[in-house]
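Enquirer: Next come the chains, spelled out residue by residue.
Protein chains: 2
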Amino acid sequence: MRLSRYFLPLLKETPSEAQIVSHRFMLRAGMIRQEAAGIYAWLPLGFKVLGKIEQIVREEMNRAGAIEILMPTLQPSDLWKETGRYDAYGPEMLRITDRHERELVYGPTNEDMITEIFRAYVRSYKALPLNLYHTQWKFRDEIRPRFGVMRGREFLMKDAYSFDLDKEAARRSYNRMYVAYLRAFTRMGIVTIPMRAETGPIGGDLSHEFIVLADTGESEVFCHKDLLDMPVPGEDVDFDGDLEPIVRQRTALYAATSDVHDAARFEAEVPADKRVTARGIEVGQIFYFGTKYSVPMKAVVTGPDGKDVAVHGGSYGVGVSRLVGAIIEACHDEAGIVWPAPVAPFDIGLINLKKGDAKTDAAGEDLYARLTKAGRDVLYDDTDERPGAKFASMDLIGLPTQLVVGPRGLEKGMVEVKNRATGAKEEMTLEAAVNRFTS
Amino acid sequence: MRLSRYFLPLLKETPSEAQIVSHRFMLRAGMIRQEAAGIYAWLPLGFKVLGKIEQIVREEMNRAGAIEILMPTLQPSDLWKETGRYDAYGPEMLRITDRHERELVYGPTNEDMITEIFRAYVRSYKALPLNLYHTQWKFRDEIRPRFGVMRGREFLMKDAYSFDLDKEAARRSYNRMYVAYLRAFTRMGIVTIPMRAETGPIGGDLSHEFIVLADTGESEVFCHKDLLDMPVPGEDVDFDGDLEPIVRQRTALYAATSDVHDAARFEAEVPADKRVTARGIEVGQIFYFGTKYSVPMKAVVTGPDGKDVAVHGGSYGVGVSRLVGAIIEACHDEAGIVWPAPVAPFDIGLINLKKGDAKTDAAGEDLYARLTKAGRDVLYDDTDERPGAKFASMDLIGLPTQLVVGPRGLEKGMVEVKNRATGAKEEMTLEAAVNRFTS
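Which chain is which? The protein sequence lines are A and B, in order. Sequential numbering from 4 applies to the first sequence in my numbering. Sequential numbering from 4 applies to the second sequence in my numbering.
Next up, chain A with everything else stripped away, as it sits in the complex (with noise of 0.2 angstroms):
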């Protein structure tokens, strides 16, 4: 993309009403605009990293068997009724009555449609086990939006719902989850610690929440020091397979939110040198929470005995545009965000130092022809700023590998890499810039 035909508008002000780190980045970054309170348009760089993280997050859903699907932003009362979480939801839930005088609410979770869907279509434990997700906006009318997208009103969140004949089943199911969300935050680049948790208005009594660790994080956490180096399992793990002792590995370690945490355990169980205290933002959470919403809806499946059976079922969220915020938090330094490759809005930034220079020009053009027909996402940046002007934005937008392009280096036939991360700098000829980037 050239940046003199791309829409990035960035702001050279820190806006005020930004209190943290990653808002303040996200508007000056041009990667959001608030449209009402708590509501934001995703401009064309923040845009992509969303759906670089929506992606991941699916691709992990379906190796660990989930099936996508997509239910609509409003849902009729009457399915809140049914669960009596009509009046339990509170205030944050947006109702709405439409020209009939009928009632609806803008979803801020799935349960209960999901439910209706099960009962409508399945009668046998045969189909079972079956986990239904999919990525859709929901609202919360929080009483004080703020954070940006980390506590916005209209969010994009992945819900996944599993049934399962019994508890046992139930609990393979979760486990298949806590798999997958280890991996989906791992291949973001980022360090999750899952945590046991409150159920809170989702119900049941198993729950974890995972945790990004990052200094600016909402909340303080504690935790054994060996969860943060445990290798996450591969691409090749067997979902059909045996999951708890991956999931054991990590649970017969300590690790809690400010919330539940119980200090006399925590020293108890930890070793002083292993105790870990930090903070971290909650991306993701999964719930046991068996036959909540079964039982109520009438969600029940023939069993093997041909007696009915009431399905045992979990829910598992993630906070997809939440996670956009919370990669920044743990991933910034003075001069901007610094994104890990995978959900970088592009890979390298190509500057041009001096556009109208004919040699300058040449280069550029053919660096950007070359990296982009290898299927590198290249931002170039061809207009007339100044050096030091575009050197700041590429910095504050923060893509991984920033190319830079002038007349001087070009006398020598040289060429600048710079990796963003680490700020260290290569010369290099524009040829072995190509192949760094394209082999």
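No lab work stands behind these hints: they were computed from the structure. Hints may contain errors.
Put simply, identical chains are the same to the list, so a pair is met inside one copy or across any two.
As the list claims (entries may be wrong) - Subject to a maximum C-alpha distance of 25 angstroms in a straight line, what follows is the list of computed DSS-like cross-link-like pairs (lysine-lysine):
id, residue 1, residue 2
1, K51, K376
2, K362, K84
3, K358, K129
4, K170, K415
Based on these hints, arrange chain B on the given structure of chain A.
Expert: Frame of chain A, contents of chain B only:
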């Protein structure tokens, strides 16, 4: 995907509420489920088709130079008051009050919001032309939603918005979308004809509807026969070049929906043997509306002469969810859907005629593994249903190719390949079948 692990809830009976063929087949093929009047959940098979259509539109938007963003579903009502559309839009616009008594609307379209985004950032003519688009759920509170996804209330639309310095440049942006639409619809395997149209609540003085021809279409259309086989620009079309000849070649020939049809002109302009009267379904509409939004919203840029100019705009919609229904209306037979390959949910339906028979199972698994490995998206019916039901289900869901493996054929070393569209069947060796679909 193995059918035994998929979620494909086919209905045996035709639901009585479905009045048109696409609605009937979408319900029977387990593509959608109604959650409230005009509000649907997309089940796995329907979701896959929706995604393929969305992706084709995206690729053609990008090729034409449009840049993808994502605006929220909810909008502050203030925006609509600025343009005067708040009152004009009537009861079809869903109005919502949040917990702080602030009024929101569920966006039925985004001219107002995109103009707000434009004016917030763009100051100079140098940033033009600019075309921003998104694919997002919209809501239109139809008084009588019907015909399934063809006239739903919550629907998925791709809408693009162009900004230009003057009418002439805006016309070039309009032409780019005109050509992109021709390409996108053609890639979906359907014949669409652009027809001069009324502008309705979007406004402006130039508009074309894109109409899919289908015998069961909602409206009558009249056009010159040559429009039906006129070649559509290829991938190499130059969107930076002059597209006017391509557009003029089509607009020179008579084409009109019944709304604007002029029988006298039709007869005067079109020779008798070239007069086509048909039925069609609108799947897209493009508008040039000049300064209708930029003047009230003060979306101005500094022109080359240093003076402020209100930008000239256009908007360009594709009914993504509607297209799923429209394509079925155009592509079906008595047995079910006949998907054009580019939008088919799977490439191949592989039928195991005798699950449990060792040789048949082995051949089925072998074919499934090799076709999948070669990148073909295969739905493998590995269930123990009887053959007749399997054939009927496969015809209903309409995958382009069926591959049938059974004990009798395997005795001779043969499998059967059926073309869903023509019904033609061929016997061939397993190796020949693999070669056919992997080379």
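Enquirer: Take the hints in turn and mark each one as holding or not.
Expert: Verification of the supplied hints:
| no. | hint | verdict |
| --- | --- | --- |
| 1 | K51 / K376 | within (20 angstroms within a copy, 29 angstroms between copies) |
| 2 | K362 / K84 | neither (70 angstroms within a copy, 52 angstroms between copies) |
| 3 | K358 / K129 | between (65 angstroms within a copy, 15 angstroms between copies) |
| 4 | K170 / K415 | neither (69 angstroms within a copy, 48 angstroms between copies) |
Against the hints set out earlier in the document, violations occur for numbers 2, 4.
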